Amino acid sequence: MDIRVEDLYVRFATLSGDIEAVNHVDLTFSQDQITGLIGESGSGKSVLGLTIMGLLQSNATVEGRIFLGERELISLSEKDLCAIRGREIALVAQNPATSLNPSQKVGRQIEEVFRLAGEGKVDSTRRTHELLERMGFSDSERVMHSYPFELSGGMCQRILTAIAVAAHPRWIIADEPTKGLDAVVRNQVYDTFCMVKEQYNVSLIVITHDLLLARKFCDQIVVLYSGRVLEINTAQAIFNNPRHPYTQGLIASLPHLGMRPMPGFSAAFTDQPSGCVFHPRCPYIDEDCRKIEPKLIPVEEGSVRCHRYS
Amino acid sequence: MNDTLRYIMTKIFLAIPILIGITLLAFGLGLIARGDPALARLTVDPDYIPTEEEVQALREEMGLTDPIFIQYGRWISGVVKGDLGESYLDDKPVLSEMLRLLPNTLLLSFMSLTLIVVLGLLGGILLVVFQDRLFDVIGRILSIFIMSVPGFCLAYFMIWVFAQKLKLLPTSGTEPMTAFIMPCLALALSSACLVARLLRSSILGELVQDYALTARAKGLRKSQLVFRHTLRNALTPSVTHIANVFGGFLGGSMITESIFSIPGIGTYALTAINNRDYTAIQGYVLFTGFAFVLVCLLSDLICSYLNPQIRLGRRV
Ligand SMILES: Nc1ncnc2c1ncn2[C@@H]1O[C@H](COP(=O)(O)OP(=O)(O)O)[C@@H](O)[C@H]1O
Ligand code: SF4
Ligand SMILES: [Mg+2]
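Top to bottom, those sequences are chains X and U. If you read the first sequence in the working numbering, its first letter stands for residue 225, the second for the next number, and so on. If you read the second sequence in the working numbering, its first letter stands for residue 63, the second for the next number, and so on.
Extracted from the complex, chain U is given alone in its bound form (with noise of 0.2 Å):
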């Protein structure tokens, strides 16, 4: 027990220099992205001209003359608090927008989550246990075609079928609720198919491994086998890419969004990047790069987990 809660303090620690890494770069992107704001306070007027006096002064009153260091510790202070700064555009707060945005993000992320998990594992189990057989083969043909389809593909099709065709589903936007079911679909389908291979190809490694002529020695059955000893072996590829393509969703899918016309945060960011809004831009690396971090040491744990010889450490 102390040797797991040793290395799950280990994780944490090393995580926070990797945070600090990425303030820094979110306040290296504002410094580089927003010229010199004493000037272009000065300059609201076009038809005046400010002296370098005026411009130096004003300058120094804002704090940029100050060392780097102090004004990083003046911004990381107001971040702290929650103020990520305003919009050059419409001057709205930074953080309340992305806050405001971010449910839809989520929510999409989460139901994309558990369609990657639930089809992904069971994919890749039942590939397994049919190992050779019709399923598996008809299997790993299709996810190869759905995994070489790109998303937005995949969603103009399903808005044609499902939309146009059937009208079943709505095009676009977050209501009702079935809205967000094809956005999921694009987002996380071709995922679930490489989870459910990479699965499969991991747990037919553990298969091979000697414990498994051990546990087959007893008199277990396939099933048995892969359900008690070496699913759990196998687990970890699959949680670490799930991770990463987890990660990568909370920072909302910009394509997906768009096409769905659901405002979330990859639309916020786009907006950001298209109107070269600094501040926007600035404060969303920061919170995908935290987003990202945490879910990086979230798999970590469970790795650890999942295989007490990360945790306990290899004591022969």
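Just chain X, same shape as in the assembly (with noise of 0.2 Å):
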């Protein structure tokens, strides 16, 4: 069941002003490919995947409409989005450390999704046991009975996404699953991704800035700068070939390629740009990118937000 995006728009009220953090953005995620949703911190990517499973806080104004299948996500009620969220997509939300409740034993934090899903006490507790086996612990006991606090950012990774997959949902948004981790627990997290993905025949979003991760996992990439989408391609063309101006800055910052820091910052959300948003940095510039803002414009098999293709 794919996910479909149209025209999604959302804007946060703020005392400083309005941030528009998600700016008419069009997209399909398709079931039979792992998106990557890449782009520097505050692009967006967050609030993206946030207003899927409809759990921005209420400060937040969405327009536009989110196809689950044929569902329509923005128009259902409280209720109906509860049956949805971790039965059909699942989070495995962003800073695993704060991202598990402090008072409680991660075992129940656990079970709690099987009881939700309507299990009985013993089952629920069975069930734990199997699934934390199953994500590499090998004293589930143990862990089962500590707190978040008392295991490693790695661990509580895991335990996170040991939540997200409980229910065997069809969908899974990861946000920053390597975020703070170092390179070994970055493999990690990356081979029980690669399990839950085979084992669980679930489709996967995958919100992250660690490009080496998108590059490894993702079949599909989609690159966001200040709420909005610059450019969509295979995960091979982004890396191989890329085209948007913004795209080209950041493979061209990876380590193994010379490590060439993007000049500049995206601006602020509350005083966005005339034309192209990324026209303050781009060495590209011309004319028509101050006044004209481009439109999406498919390319060969993907498609860029660049006057440069039209």
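These are calculated hints, taken from the structure and not from any lab test. Please read all numbers here as calculations on a predicted model, not as lab measurements. Every residue, glycine too, gets a C-beta built ideally from N, C-alpha and C. Certain hints may be false.
[Stated by the list, open to error] Reference excerpt, derived from the structure (chain X facing chain U, CB under 8 Å, subset only):
hint	residue
1	277
2	280
3	309
4	371
From the two separate chains plus the hints, produce the assembled complex.
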């Protein structure tokens, strides 16, 4: 079942003005492909993921449509959304260290998913054990009786993943699953997600600014910048032949390609540039770029939002 | 488990110096206030003027010339045996007098505690569940109103309505048990409102934490989220506040007890203060100090139960 996002627009009302965190995004997340959402921090990746799950805070205004198969999610009631969350679309939240309840043992936090799905106490406990073992914990008994702050970041990350897969959802949205982890643990996380994909037959949206993970793990890549999609393409094409100047800058900043940092910063949401949002940082800027906002233009198998390709 | 036990022992251990401090305070108060007991005893007969030698001899006999810490030791060993001295006023032993009045204060305190806990917690939770709906808005306005009325005004207002107009409740005294209803309301209502508001804002603070997002993503409804996850983490400030208030209640509430003519620890202290009855004040300081420290200790232990990070320490 694909997830289709149509003309999605998310605005936050804040004291310093409105923030258009997601700006007219059209996207299809295909169930057979792992999609990676990449972009600098603050580009709206998490907000996009949370909007799909209907989990934004109350200061958000959402316009547009999101389809899960035939169902439109934005117009659903909170009650219907509760039935979708966890069971059809699950979340692996960012910041594993703070994303588990600090005053509840992790076993109970996993069991809760089974209990919500209507299983009994004994079955839930048994299945939690099984799940933890599958997630690579050899001492599941001890882990179940630990509090989150007694576990490492990588372990919390796997617990979050266990919570997400517990109810066998169709979709998992993983938000920055490797952020703040060292190389060894990042590889563990990668292995865990490979296992999850195979054994649970789940479709994945991976939000990350870990470009190497995106290249290794994703089939399709979406590049976000200031709440807009700048480029969509297969992972291979994005890395071998990046088209958008922003994507080119991102790839050039990778360590093994010389680690050339991109000049400039993305503009504040409360003060967005006219025309192309990327123009203040773009090396190819010309007259049109300052005035006319480029459209997303199909180029071969992908699409790119830049005047140079029109 | 070991860590938990160690935490509890540490807390109890740390309370000991505070308790000793309170005995020093009470003893010091007696020391400053008593004047010269030897002189006082020798001048009971106003016509007799004792010589300096006589006074000095009696001082030595009464142990007043001993070093302070020996006097303190003598006093504290009496206290431990339950001897808090006799009142200057009527020569009744302070301890037995306080014990006689204590049940009324205890009853009033525990009734008020119950009211604060039930009304405060229930109110706080309901305000969150109905956040920004009519119940929440009215509840918040009403609670501000009640909190801004001083307890004694509320007391007189209730006496006027329930006792004088409706004749439902007795105006004063301790019989029948219903006489405690109005004092309890006067004492606890504003604290209950404060706890409800405090709890509301701490639950709302927990609801935007990262872990609440994970819980919501599991498909929990808001009420489930509040009860299963955020409530426990949000309780600490309310527990601490309730403990402070309750510790104060145990020392007797002078105003409420006076208005409703309830003979309790508070009125005892009030009389003692008015009559400069220092032994009684000394006993009162000792009692309220100990009660307060023990209640705070208990509240620390409750908080550490609620929040395992406190008792287990961070070990990441
Ligand atoms: N509840 C909120 N209220 C106001 N601004 C928000 C809120 N949530 C996110 N934002 C803003 O939206 C923008 C995008 O945030 P986010 O999606 O978290 O970025 P990232 O791509 O790093 O995940 C940021 O500027 C952030 O400050
Ligand atoms: S539209 Fe212009 S400014 Fe924007 S990325 Fe393309 S060339 Fe650069
Ligand atoms: Mg993010």
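Less than 8 Å between beta-carbons is the criterion; does residue 280 of chain X satisfy it with respect to chain U? Status violated, d = 10 Å.
Residue 309 of chain X was flagged as interface toward chain U. Is the shortest Cβ-Cβ separation under 8 Å? With Cβ-Cβ at 4 Å, under 8 Å, it holds.
Classify the hint on residue 371 of chain X as holds or violated, based on whether any CB of chain U lies nearer than 8 Å to its CB. Given a least distance of 5 Å, the restraint on residue 371 of chain X holds.
Please check whether residue 277 of chain X passes as an interface residue: C-beta within 8 Å of a C-beta belonging to chain U. Since the shortest Cβ distance to chain U is 6 Å, the answer is holds.
In this structure, only the earlier hint numbered 2 is contradicted, and the remaining ones agree with it.
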